[in-house]
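**Q** Grab the two chains, each in its own frame, and use the hints to assemble them into the complex.
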Amino acid sequence: MKNIADVVIIGGGISGCSTAYNLAKKGVKNIVVIEKNYICSGSTGRCGAGVRMQWGTEMNCKIAKQSIEFYEHANEILEYDRDVDFKQSGYLLIADTDKEIEQFKKNIEVQHACGIPSKMLTLEEAREIVPYLNTSILKGAAFCEKDGFLNPFHTTDAFYKAAKRLGVEFNTFTEATGIRVEKGRVTGVETNKGFISTNIVVNAANAYSKNLCNMVNLDIPVYSERHQILVTEPVEPMQGPMVMAFGLNLYVQQSPEGSFIMGRGDVNEPRDLRITSSWHFIEEMAKTIDMVLPPISKLRVIRQWAGLYNMTPDKQPIYDKSEEVEGFYIAVGFSGHGFMFGPITGIVMSEMILGEKPTIDVSMLNLNRFKTGKLLLEPSVV
Amino acid sequence: MDENTIICRCSDVTLKEVRELISEGYVTFDEIKRITRIGMGPCQGKTCGQLVMREIANATGQNIKDVKFQTNRPPVVGVKLGLIAEEGRR
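From first to last, the protein sequence lines are chains A and B.
Numbering-wise, my numbering puts 80 at position 80 of the first sequence, and it's gapless, one number per residue.
Numbering-wise, my numbering puts 5 at position 5 of the second sequence, and it's gapless, one number per residue.
Mixed in with the good hints, there may be bad ones.
Residues from chain A that face chain B, not an exhaustive set, calculated with beta carbons under 10 angstroms [as the list claims (entries may be wrong)]:
#, residue
1, Lys-36
2, Cys-40
3, Ser-41
4, Thr-97
5, His-154
6, Ser-259
7, Lys-287
8, Arg-300
9, Val-301
FYI, nobody ran anything at the bench for these hints, they're computed from the structure.
Bear in mind the structure is a predicted one, so any value in this text is a computation, not a measurement.
The beta carbon of each residue, even a glycine, is placed where N, CA and C say it ideally should be.
If we strip away everything but chain B, and leave its shape as in the complex, we get (with noise of 0.2 angstroms):
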């Protein structure tokens, strides 16, 4: 694959700085998370988490089920502020 591929369309990061980061020892999603911001944006890692993740696991020779993702953190999906404060009023 094209190392210039976008992999995480929220943040704009390629492929080659995900696997560079790896190479750098950023092991885990997490810490590839803190440097590139990875799966921090509007999809919350819903496109771009199961490439990374695979990327990792290539890389270390682990099971891809064994590579931990990010936590879940809610919401499930982006809620506006006002509808929660209307909500939380009634």
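Pulled out of the complex, with its shape left as it was, chain A reads as follows (with noise of 0.2 angstroms):
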């Protein structure tokens, strides 16, 4: 391991990979990664594998879609000798409430500005798409076509790989133990494998960033909580696109290799980064699918797992660097969505790092805005 680095990015999963190659690729020499387990074993690795431009703020929309729009060329443009397997079959949002319909509504004018090609659908078509699902206890639905199926460890690896080739050194089962702060500005990076000393900093440890802003003494507003999700037996194809509902808390998709995955989240779970799994969850998921798409209770469940959504007061993601700790970045908070906005992650914060002129404006993502409490509020998080 380098024991000096220009910067250093704590955290290897899409956030972490992301913002290494941009950096490599914009000419920065001497980036070094480190990942308390392996690669994507993180949040991005326990994620739905799923990615969407329906969102209802413009933030989230504008960042969805250009990460989408890198996604479909991610093969070619990270050189990737396997496939990070695209399948943009749609993603199928259902509301059982009237409430919820006209959120569906908002969220639509906003993403419509913001070039999204999303559409407010009858319970008729929305069964024209997906024939086997419960219209009876259902109001309407909305529909993009542009989302889907993307493999998360294969995107990562992507990354990772391209990342690598540009000289990136990347160190698993690597933990940063202590940030070393001198004068008001990081100097180094403490792990159970040696210091590094650095002047640069990335915080992409999501679920657990919290812990890595409390060595530079800086408070963050976010929490991690888990989710659950499990995985049935491949079957032949029988659904395109993924079935989300916010209020019957559920999304379920057909993975490309025929397996349904399909995961939920609770509100009242304990804050204390447990990813252990639950029986309450595969009961409650098991009495959810067989009310919303019946014929996939016939499917065997074969895995249950969790992973930890970072959460932000406004279910968007912090991208900033302190205020108070000259160069310590953050690229945090992802609330469940930080696997979708990977590649702009990468793009805005090496450009932050780089002090270059920002591709998209993320300064409304800042980490002020807490303090002021105007929040514009994701209202779509599964």
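**A** Structure (structure tokens):
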């Protein structure tokens, strides 16, 4: 491991790998990524493998749209020797209350202003897309054909390999144990494998980002919340899009290899960073699936797992640098959509670090927004 | 052994692919799993797990006892969602 670096990125998920790749592409030498487990072991590798543009805030819409446009060409841009498996078969959002329909309409206005091709659907139109959808309990739906499935492992691997080819050093099973600050400036990172001297640290640790901020006495308003997923045995293709419901607390899609992946969150989760599996989840999930998409309940669950959403008060990420500690950058608080935003995260963080003109103005997503109390809340998160 | 031997029957992964990944630096079960889907299929690693761990042990000089398997997750065998729902509604 290098003991001196120009930039140290903490976190080997999509955000860290994408930031490393973008910095290296812009010519930064001596970039070191440290990851306490292995690449893609945290939130990225535990996500539901879906990407969507159908958001409710302008920032989330813009970041998602440009990220998805990147993902459409990710194999070529990153010169990946495997396949990121991007299947744009859409996201069908379903609503079981009139209030949600109103929200969908408001969201679609924001989406259209950003050039996102989403639309409201009648229940008949929704059934044309997913014939076994139990529309008797629903009020309406929204659809965007550009949304879809994306393999988080291969996508992160693609960024990782591209960054590595550009000379980035990755240290797995290497945990940051401290961040050294002298006279208000970052001077290095202490790890379980030794000290790395650096003036720039990027906190890309998402679920564990608060602990890292605490190391430099920076208090950020995030917490991590366990979300769980289960996967079924693989079957022949039967469902095109991801079906997602906010009120019913559900997302479910069929992956390209045939298994169904479905997940949900629980706001009553203890905030203790646990990633164990619970029976409560599998039972509630089974009941919901049985009600909403009955034929899927004939399938066998083969595994369940959990991961952490790093939540912010407005459910939008934080892209910023610390005002108090020079050289400490943060890309955290993705609130369950860090994988989707990966390409843009890398671009905006690399531009911020190098003082370049931003591709997308993400200044609204600064840390100070929580102090003013004027937050634009993202309404559409499962 | 023939390198085209399939050692993951759920996801059709060959011994050759596993060996190549190990030589590229993917030296834990979880890393190989994330790239190839080994251990994610209906057998949940019950068939392929030992074979992959033996390959890792041989290539890295570790004792197979020290090679970490993936986290075992519930359920132990596949269970129909409908049955779980039915039980949950009782």
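**Q** Hint by hint, say whether it matches the structure.
**A** Verification of the hints:
1. Lys-36: violated (13 angstroms)
2. Cys-40: Since chain B brings a Cβ to about 6 angstroms from Cys-40/A, closer than 10 angstroms, the hint holds.
3. Ser-41: holds (7 angstroms)
4. Thr-97: violated (22 angstroms)
5. His-154: Where the cut-off is 10 angstroms and the nearest Cβ of chain B is about 7 angstroms from His-154/A, the hint holds.
6. Ser-259: holds (8 angstroms)
7. Lys-287: holds (5 angstroms)
8. Arg-300: Holds, about 3 angstroms.
9. Val-301: Since chain B brings a Cβ to about 6 angstroms from Val-301/A, closer than 10 angstroms, the hint holds.
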